[in-house]
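Participant: So the protein sequences, as listed, match chains B and D.
Just so we're aligned: the first sequence equals residues 121 to 517 in this note's numbering.
Just so we're aligned: the second sequence equals residues 228 to 565 in this note's numbering.
Everything labelled a hint here was simulated from the structure, so no lab data went into it.
All C-beta atoms in this analysis are idealised placements derived from N, C-alpha and C, irrespective of residue type, glycine included.
Be a bit skeptical, because a hint or two may be false.
Covered by chain B, per the in silico footprint, the following chain D stretches (three or more residues, Cβ under 8 angstroms) [stated by the list, open to error]:
| hint | segment |
| --- | --- |
| 1 | 307-318 |
| 2 | 347-355 |
| 3 | 395-402 |
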Amino acid sequence: MAAKPHHSTGQTSTKGSIFNDPKVRGIIYQLVLVAGLVYFFWSIVQNAAHNLEKQNIASGFGFIENTAGFLPNQTLISLSATSTYGQALLAGLLNTLLVAVIGIILATIVGFVMGVARLSNNWVVSKLATMYIEIVRNIPLLLQLFFWYFAVLRNLPNPKDSSNLFGVFHLNNRGLFMPRPIFEAGSEAMLVALAVGIVGAIGVSIWARKRQVKTGQRFPAFWTGLGLIILLPVLAYFLSGRPISYDYAELKGFNYKGGMKVIPEFVGLTLALTIYTGAFIAEIVRAGILAVNHGQTEAAHALGLRNGPTLRLVIIPQAMRVIIPPLTSQYLNLTKNSSLAVAIAYPDIVSVGGTVLNQTGQAIEVIAVWMIVYLSISLLTSILMNWYNRSIALVER
Amino acid sequence: MKKVLISVLMGSAMAVGASAASAATLDDVKAKGAVQCGVSQGLPGFSNPDDQGNWTGIDVDVCRAVAAAVFGDAKAVKYTPLSAKERFTALQSSEIDLLSRNTTWTMTRDTSLGLNFAGVNYYDGQGFMVRKSLGITSALELDGASVCTNTGTTTELNVTDYFRSHNMQLELVQFEKSDEVVQAYDSGRCDVYTTDASGLYAQRLKLTNPDEHVVLPEIISKEPLGPVVRQGDDQWFNIVKWSLFAMINAEELGVSSANVDEMKESTNPAVRRLLGLEGAFGEALGIPNDWAYQIVKQVGNYAEIFDNNVGPDTPLKISRGVNALWSNGGFQYAPPIR
Ligand SMILES: N[C@@H](CCC(=O)N[C@@H](CS)C(=O)NCC(=O)O)C(=O)O
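Pulled out of the complex, with its shape left as it was, chain B reads as follows (with noise of 0.2 angstroms):
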């Protein structure tokens, strides 16, 4: 918008027309270039719905209650042979948020490492985490893909072969078996134990700090909470009557049944994002911690902390300024590039609108589903590194 005027807004709109004023003027341009926009896309759409019409080609949602008569090979919702092609969209939504989340947690982590790592004063740690660093960032990703996933399928061994542990593991080029815990009558004692514990940790750290403030003193805040949220459901569980019993992978003709699977498409896509976007947060991170003054580490030294306390306390909060708006990029990265999970079989939000698609014929509406969801994830993503950004961001008195 136009700033104001210096002069007093009373004597210029007396003198000539309104046109004059900047201030009007700039809310009709923004009228028209609106006007236009709408008037452009509803062309579009109009012209498009013309010539699907005039093609014969199917349109509009109606298709997403019909029966899609395939199923993914993994789905958090269950689903059956008749379920609808909206459902199996929902699943395929869920795979990708599932990769999604996993893979940013687990990039978090093995970039801060390998960004650390590279500025080690260690000769050979550097020089391995650079390499890693250049090797990985210049292979394109969906070779990197093939490679995970053919790397771990031929590695692993057939069902009859399996790797067991403990008897109640398996591991085969079908996925990772694992019991599935079924939760009975009683088990809700645990959840709330649950409750509280996390709320107990809240508050042991919330007194813990407010304690070494006022009086200097220390308290391992950190493994008294852990202690909470796991002790705290334990117990209820052994008071309540040990009321979780698991249902077991067992091996039964081709396969193992029953249990918990994870599939080794879910491996192969996690594996290759992680590495992939590992490599371009542990660069981001090096850069934020370069960009903290030497100095801070020298205060601190000279103040007798260690380099381990330096970097977690002095370094890295300061960092974290620099890092978090890049580090928000490689997050929607990832997010976007597990969209190339179809090349190995994972079914994602991708893979599952592009056989809908197929089945169906309808490429715009499927194309405006995946346009909404990865919109959606990436906005909301960025809503919420743009609050933690806000949260650290240097606060001046």
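Please build the complex by placing chain D with the ligand on the supplied structure of chain B, with the hints as guidance.
Facilitator: Showing chain D with the ligand alone in chain B's frame:
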């Protein structure tokens, strides 16, 4: 991401690319000087490029027949390799003039995708392939099996139906590209590889040890494969349809690429009509009257394209079976040229 981009572009091309469908495809093709033909990304016997980029196969020969009919030159074809998933959007958005890519004629595709099937150049059915070492002899023993296949195909739907109707458990592992399907099956990810039976014979050649695998006897579906065009252009539809019929009629009349010139002397009126010596059948299609002569001369009759590409003397070793002429007990039957 690239795939999404391509689809988005195709989608928006469909949205904006005005009344492309109603424009005469024949005029476009003539203006370009070549038929833009959508084929597979490499399926031996059907559409497969060699190391110099020359395409061969029974589907490719349909493209070539159309080019021979329109231009009198079977080489006037440009190929667009498409995955199963991309193929219909490519045709709808006029990126290709003709889709000849082992595509099954189904009701949805024929009605709600705005497409027309111009005939059947190969009658197929879906089959299963497993490792011999499993000792399985029937598809009914496949309960709980992991099955590898392509997305965007009739295959994934048929196999889900089949397992459901026989109360069997199924883990379906779906890849976009056939090469990945083959690799995943080869590396043990799946117990079963399923696709069109012809495809099984073709893809088996790509496995590390083709002899260690068997195709099970069950055929679980009808897969009539044929060339596809857009709805709304009857002239182009007719040209493609009759190019295929010409090859089948030629076989029935005993006209082949070897004897087509001698056959010009034939007194059989059906042969004379086929070769454009009597009547003006080409004119009615808007192409030269010797259209069918050019097809047979340059591409061959149906028996020839079958035998050259998938027949017993090729690596695929497929016998004519149901693809024999109706007069020999098969399904191949073309309406008469008259
Ligand atoms: N006929 C089926 C399946 C066609 C199909 O895509 N088959 C695969 C496996 S045989 C294929 O052609 N692959 C070759 C390629 O992707 O280029 C259909 O029309 O849906």
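Participant: With a Cβ-Cβ cutoff of 8 angstroms, does the segment 347-355 of chain D contain at least three residues near chain B?
Facilitator: violated (count 0)
Participant: Do three or more residues from the segment 307-318 of chain D put their C-beta atoms closer than 8 angstroms to C-beta atoms of chain B?
Facilitator: holds (count 4)
Participant: Holds or violated: the segment 395-402 of chain D covered by chain B, criterion of 3 or more residues with Cβ-Cβ distance under 8 angstroms?
Facilitator: holds (count 7)
In the structure shown, a violation is registered for the earlier hint numbered 2 alone.
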